[in-house]
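Trainee: This is what each chain is made of:
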Amino acid sequence: MKEFKVTPIRNGTVIDHIDCGMALKVLRIIGVSSNNVSSPISVLMHVPSKKAGFKDVVKVEDRELDPKEVDKISLISPEATINIIRDFNVAEKYKVTLPQVVRGIVRCGNPSCITNLNEPVEPEFSVDSKKPPVLRCIYCDRILDDTAEHLI
Amino acid sequence: MEFKGLDIVSIRDLTREQIEFVLDLSEKMIPYARGEKFTKMLEGRILANLFFEPSTRTRMSFETAMARLGGRTLEMSHPSMMSIAKGETLADTIRMVESYSDAIVLRHPHEGAARLAAKFSRSPVINAGDGAGQHPTQTLLDLFTIRRDKKHIEGIKVALVGDLKYGRTAHSLAEALTMFGAEVTFVAPASLQMPRETVKQVEKLGGKPKLTSKLEEVIKDIDVLYVTRIQRERFPDPNEYLKVAGSYRIDNNLLREAKQNLTVMHPLPRVDEIAPEVDYTQHAKYFEQAFNGVPVRMALLSLVLGGEL
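First to last, the sequence lines map onto chains A and B.
FYI, in the working numbering the residues of the first sequence are 21 to 172.
FYI, in the working numbering the residues of the second sequence are 298 to 606.
Think of the hints as simulated: they come from the structure by calculation, not from any bench.
In this text, a Cβ means the ideal position worked out from N, Cα and C, and glycines have one as well.
Do not take every clue at face value.
[Unchecked claim] Computed cross-link-like contacts, BS3-like style, restricted to lysine-lysine with a CA-CA straight-line distance of at most 27 Å:
| hint | chain 1 | residue 1 | chain 2 | residue 2 |
| --- | --- | --- | --- | --- |
| 1 | B | Lys454 | B | Lys416 |
| 2 | A | Lys115 | A | Lys151 |
| 3 | B | Lys497 | B | Lys511 |
| 4 | B | Lys334 | A | Lys151 |
| 5 | B | Lys505 | B | Lys454 |
| 6 | B | Lys462 | B | Lys337 |
| 7 | A | Lys150 | B | Lys501 |
| 8 | B | Lys497 | A | Lys151 |
| 9 | B | Lys517 | A | Lys150 |
| 10 | B | Lys337 | B | Lys325 |
| 11 | B | Lys462 | B | Lys497 |
| 12 | B | Lys416 | B | Lys448 |
| 13 | A | Lys88 | B | Lys416 |
| 14 | B | Lys511 | B | Lys454 |
| 15 | A | Lys45 | A | Lys70 |
| 16 | B | Lys462 | B | Lys501 |
| 17 | A | Lys88 | A | Lys151 |
| 18 | A | Lys150 | A | Lys71 |
| 19 | A | Lys113 | A | Lys151 |
| 20 | A | Lys151 | B | Lys505 |
| 21 | B | Lys505 | A | Lys150 |
[What the hints assert, rightly or not] Covered stretches of chain B, as calculated for chain A (at least 3 residues, CB under 8 Å):
| hint | region |
| --- | --- |
| 22 | 427-434 |
| 23 | 486-493 |
[Unchecked claim] Computed footprint of chain B on chain A, listed as stretches where at least three residues anywhere in the stretch have a Cβ under 8 Å from a Cβ of chain B:
| hint | region |
| --- | --- |
| 24 | 27-41 |
| 25 | 74-86 |
| 26 | 138-145 |
Using the sequences and the accompanying hints, generate a full structural model.
Mentor: Below is the structure:
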């Protein structure tokens, strides 16, 4: 089989083992849709993977992720790994981990939840299960149905 | 058991032991709730009754409960005339009301409102219904009614009938009954059947709930029939409503099939789910159930405010 037709990056982040089909959502999380990106971004979708059959991969040059972005990725792709590349070498590598409490990164899907009104609180969820991620709103007690759609 | 200052937002906040403690104390409150004995245990204490939605039984029974304990109640029953109508957040309203009172009772149209209030208030907050969410004092008084009537809850067979999808009392009652070892059956048309989430939760607590749409199938076997109102506005087609509502009408003809000591309960208000003729049978316990709201709320108020009999 041929290797990926994507060259290694000098500095930046490789987000590997993204759940198949979730790469575009990862791009939305790291905010590439807003005109703030000056370096190349490579997106590989439906790449064969030893672990999961198929996976997506996103490579972002000259950019490292902040913890909130990593938490968001863990919600939609709990198996993803983050590789921080410095001078062509993997300087750091870690698996995303879903926190016990998810605060301020995802909105409650219940339109009648008090957190969707103009109240001075951040939405907050307890994590009922990690695989697959099941989030329960600590205010209205509802399970969040489509996490990716409700990311802030 | 320490309850002072505790928020009562969801029945899940309480352990089985805590619930039993509340029910035991409620029993002791009965002569005071009836006005046969008197106490001033909460003299000088103030309860704020914040009702952002209409309520008759819950609001009045909290007010009665506080008065029977010697305390006073601040009423806010017309939110449209208050600063909320000017766009004040619930968080701000709570911070203000908290400084005028020792405990807050809140009914609000939005789910999660009571949890939010509890976050902003140093005084205890008691949830009196948050949208389609929780209504823990209703669950406590339902458990109390069953326990008084049957002497125990474990092992009894309870059928919940009517709108189990949207009826907020049905969900937490189903969970609480299972926690106490009762067997639950959910009787509703498919469109109004118990949400999957609640069924799962009941199973997680060790219950094996039966689901059916036919009341006739279960009426012979049950000890308690808990009827809830089917709301007309849930049905786009009025004929569909009439068909469904009619199939769960409880009358003496249906009750002929039931056990002699079957208890019929209803959180009220009823529309026509229970025929008035049933009121005069030994099955009818719904008015007693409504009265039980007073001793149960007296017990809770005395506990969270640190009063003693």
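Trainee: Could you run down the list of hints and mark each one as holding or not?
Mentor: Results for each hint:
| no. | hint | in the structure |
| --- | --- | --- |
| 1 | B:Lys454 with B:Lys416 | violated, 38 Å |
| 2 | A:Lys115 with A:Lys151 | holds, 14 Å |
| 3 | B:Lys497 with B:Lys511 | holds, 21 Å |
| 4 | B:Lys334 with A:Lys151 | violated, 56 Å |
| 5 | B:Lys505 with B:Lys454 | holds, 12 Å |
| 6 | B:Lys462 with B:Lys337 | violated, 42 Å |
| 7 | A:Lys150 with B:Lys501 | holds, 18 Å |
| 8 | B:Lys497 with A:Lys151 | holds, 18 Å |
| 9 | B:Lys517 with A:Lys150 | violated, 44 Å |
| 10 | B:Lys337 with B:Lys325 | holds, 15 Å |
| 11 | B:Lys462 with B:Lys497 | holds, 14 Å |
| 12 | B:Lys416 with B:Lys448 | violated, 37 Å |
| 13 | A:Lys88 with B:Lys416 | holds, 24 Å |
| 14 | B:Lys511 with B:Lys454 | holds, 16 Å |
| 15 | A:Lys45 with A:Lys70 | holds, 23 Å |
| 16 | B:Lys462 with B:Lys501 | holds, 19 Å |
| 17 | A:Lys88 with A:Lys151 | holds, 20 Å |
| 18 | A:Lys150 with A:Lys71 | holds, 18 Å |
| 19 | A:Lys113 with A:Lys151 | holds, 21 Å |
| 20 | A:Lys151 with B:Lys505 | holds, 25 Å |
| 21 | B:Lys505 with A:Lys150 | holds, 26 Å |
| 22 | 427-434 | holds (count 5) |
| 23 | 486-493 | violated (count 0) |
| 24 | 27-41 | violated (count 0) |
| 25 | 74-86 | violated (count 0) |
| 26 | 138-145 | holds (count 4) |
When the structure is compared with the earlier hints, violations turn up for hints 1, 4, 6, 9, 12, 23, 24 and 25 and for no others.
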